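For the protein sequence lines, the chains are X and R, in the order given. Using this note's numbering, the letters of the first sequence map in sequence onto residues 1 to 381. Using this note's numbering, the letters of the second sequence map in sequence onto residues 1001 to 1298.
Just to be clear, a hint being listed does not mean it is correct.
Below are the DMTMM-like pairs computed for lysine to aspartate or glutamate, each with C-alpha atoms no more than 25 Å apart in a straight line [said to hold, decoys possible]: (1) Lys1086(R) with Glu180(X); (2) Lys203(X) with Asp1104(R); (3) Lys1074(R) with Glu1130(R); (4) Lys1125(R) with Glu127(X); (5) Lys203(X) with Glu1069(R).
Think of the hints as simulated: they come from the structure by calculation, not from any bench. Please read all numbers here as calculations on a predicted model, not as lab measurements.
Now for the letters of each chain:
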Amino acid sequence: MTLIVPLIALLLIGVFQLISGVARPTAEVTTIGYVDELGGFQQYTNQGNITLVGFDTPDNATEALVSGDISEYFIIPQDYISTGVINRYTLEKQLAASPAITAAINHFLLSNLLAGKVPEATVARIEAPLNLVTTRLTETGAVAPEQGGYGNFIIPFVFGILLALSIIFSSTYLLQGLGEEKENRLIEVLLSSVSARQLLTGKVLGIGAAGLVQVAVWVISAPLLLNLASSSIGGFISTIQLPANFIVLAVVYFILGYLLFAVLSAAIGAISAGSREGQQLIGVFTLPLLIPLWFTSLSMFFPDNPIWVFFTIFPLSAPVEVIMRLGVSVIPAWQLVASIAVLVLSIIGILLLTIRIFRIYLLMYGKRPGIGEVLRSLKTG
Amino acid sequence: MPAVEVSHIGKSFTDKVVVNDLSFSVAQGEIFGLIGPNGAGKTTTIRMMMDIIKPDSGDVTILGERLSEATKNKLGYLPEERGLYKKLSVLDSIVYLASLKGMDRRSAEEKANELLNQTGMLPHKGKKIEELSRGMGQIIQFIVSVIHDPELVVLDEPFAGLDPVNTELLKGMLFDLRNQGKALILSTHQMNEIEELCDRILMINHGRSVLYGNLAEIKAKYRSNSVLLEFEGELGEVPGVTEKRTHKGYVELVLDGNTTPQQVLERLVSRGMVINRFEVATPPLNEIFLRVVGKAHE
C-alpha cells in the first residue's frame, strides 16, 4: 500500500500517455451532408476537420449516405426558427452524436443565423459567453496564495480515501496479529516477558510508525507525481495544487488517525474471542471514519454547514473529515485545536482503559464478555 | 532465598473458584513437580506466578521480590499450549523472543546457535516455524524458555508430543539446569516423568493442595505395609505375614501391624532361603495420585 499508491499513480500517467498517443486526433476530414429547407445556410461549411455539403432533397442526401460519400446528414426544416428541431440521419448505432459533430453543426447554424447581423467577434461571445476566472483575495485585498476550486480539492479527496483505507487495513492487521497471538497462546510468553502496558504501547507505536512511513512516502511522492502529471497530461490536472497547510495537517491527522484506530483495535482484540469476531467489531468504529467520504458532494456544495464542525471534532471521523475539508474551505483554528485535542485525549484514554482490561480478558479464550461485564471490570481491574 | 514463594493465593473466574488458598515454595537448584488432574488449577497457578493474570488474594514472590519487568528477565516459561509466529524463521523467532528478555541480538544469536546445535536443530534454523513438526516446534519453544539463562524455568507439560529421543534429550537438559543451581517447576500429569525428575512435589486438586513435600517422604508415607520377594524354593508360613499375593515372578507379603520388613527378612534368611530380591513396597506415584484424588472425589 505504501509504495503501491505512488506506483499506481505513475502507471496511470503512463497509460494516459500511451492511450493519448494512440488516440491523437487524426487529421482525417469528415464529410457530412445537410438539406437546407429553410434557406440561408450556405456559408461556413468548413468547420475544422468537418466539411458540410449541401443537398437539394433528402433523397439525394440518403443516396450519398448509403454510397458512403458522406458519413451522416441533417435536415434544417422550414419551421426550424420556431422549433429548433434538426433531424439527423446516420447509419451508425450510437448513444448520441459525437461532441465534435454536435459542435460543428452548432457552430455552422449559429454562424449562418447571425451572418451579417452582428460582428464576427460577437458571434464567438454568443457561442461561449462565460469563461469564469475566480480569484480569491485575502482580507487585506491582496491575491491569496491559496486559491480555491476543484483543483484544490482533488489531492485532499484522494488523501482522505487513502487515509481511510490504510487505517482500515492497518487496524485489521493489528487485530489479526493480536488474534493470532491469542489463538496460539504466544501472548502468554510475551506477557511473561513484558507488561501489558509495554506490549500494547509497543503495538500501537509500531502501527503508528508504519503509518508515518506511509504518509511520508505519499507526501514526498505527491508533488513529484503532480508535476509529472501536469506536464504530460496538462488540462485540469495542471490546476491541481497542494494547499499550503495541507501537508502539515495531513501528517498530523494521518498519525493521530492511525494511533486512534490502533488503540481501538487493541481494545477490541483484547475483548474479542478471535480475530474474525474482532474484525466485525472494528467495523462499527470504521463506519464514522467513512462518513466524510459518503457526504463528499454535500460538503463540497455546503461547506459551512455546522454538521461538518461536529465531524471535525468527533474523533472517529476527524482524520478524514479534516483532510477533506481542507480542500473545500478554510477550517477555523479553534476547530483544528479542538479536534486535535479530542483525538489525543481519546488515544491516551482508550490506551489506558485497554491496559486495564487487557489482562482480564486476554486469557478468556472463546468467550466474549458483555458490555456490562467490561464496564464492571474497568472499575475493578 | 527460595526461587518461588507462593503464599495463600486464590483465584476465581466469574463464580468458580479455580485456586483456593494455595501456598508452596520452590528452592533454587531443585526440580519441583506441580501435579494434579485436569482442571485442578495447575495452569492458573502458573499464570499467576508468571504475572499473566493477577491473583484475587495472596502473594507471589519470585527470587525474593514481587514480579516486575526486571525479574521477568530472570524467568523462563514454556506454556502448555504452544505456538510461535508461523511465518518467522526459527532463528528469528528465538532471537526476537530473547530480545524481549533483554538480550542483545548478537549474544542471542550466539546462544541460539549453541542451543540449536545441542538439540540437533541447527540444520533447521533457517526454516519457517510452520515447516516444523510439532515436536520440533516444542524444542524451539523450550530453547526460547531457557536461552536467556533464567534463574527460574516453568515448564507446563514439557514432554507432551515429544518422541522418546527428544524426551531423553530434554530430561538431560533439565538435569543440567538443576545442577547449575536453577529452579525448575514442572507441571504435568505424566507421573513417571515426575518420579524420575522431581525432588519435591505439590499435588493439587480442585485448586487446593492435597500433597506437598519431598517425593521420597511422600512415597514412604503412602507405602503399604508390605514387601516384595523373589526367591527360590518353598516359602511356607512366615510369622507376621497376614497375606500372600502372588504376582508374576514375585510374591507380595502383607505384614501385620507389629512386624517390620527387617524382621521378616531375618526370619527368611534364618531359614536358609535363597533370596533374589527383597524390596519394601512403595506405591508408584500414579497410585498415590489415584488414591488421593479418588478420595477427594468420594
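For each hint, the structure was consulted:
About 10 Å separates the Cα atoms of Lys1086(R) and Glu180(X), which keeps this hinted pair within 25 Å; it holds. A C-alpha spacing of about 20 Å is found between Lys203(X) and Asp1104(R), which places the hinted pair at or below 25 Å, so the restraint holds. At roughly 29 Å between alpha-carbon atoms, Lys1074(R) and Glu1130(R) are farther apart than 25 Å, so this suggested pair is violated. Between Lys1125(R) and Glu127(X) the alpha-carbon distance is near 78 Å, which puts this suggested pair outside the 25 Å criterion.
With a C-alpha separation of about 18 Å, the suggested pairing of Lys203(X) with Glu1069(R) holds against the 25 Å cut-off.
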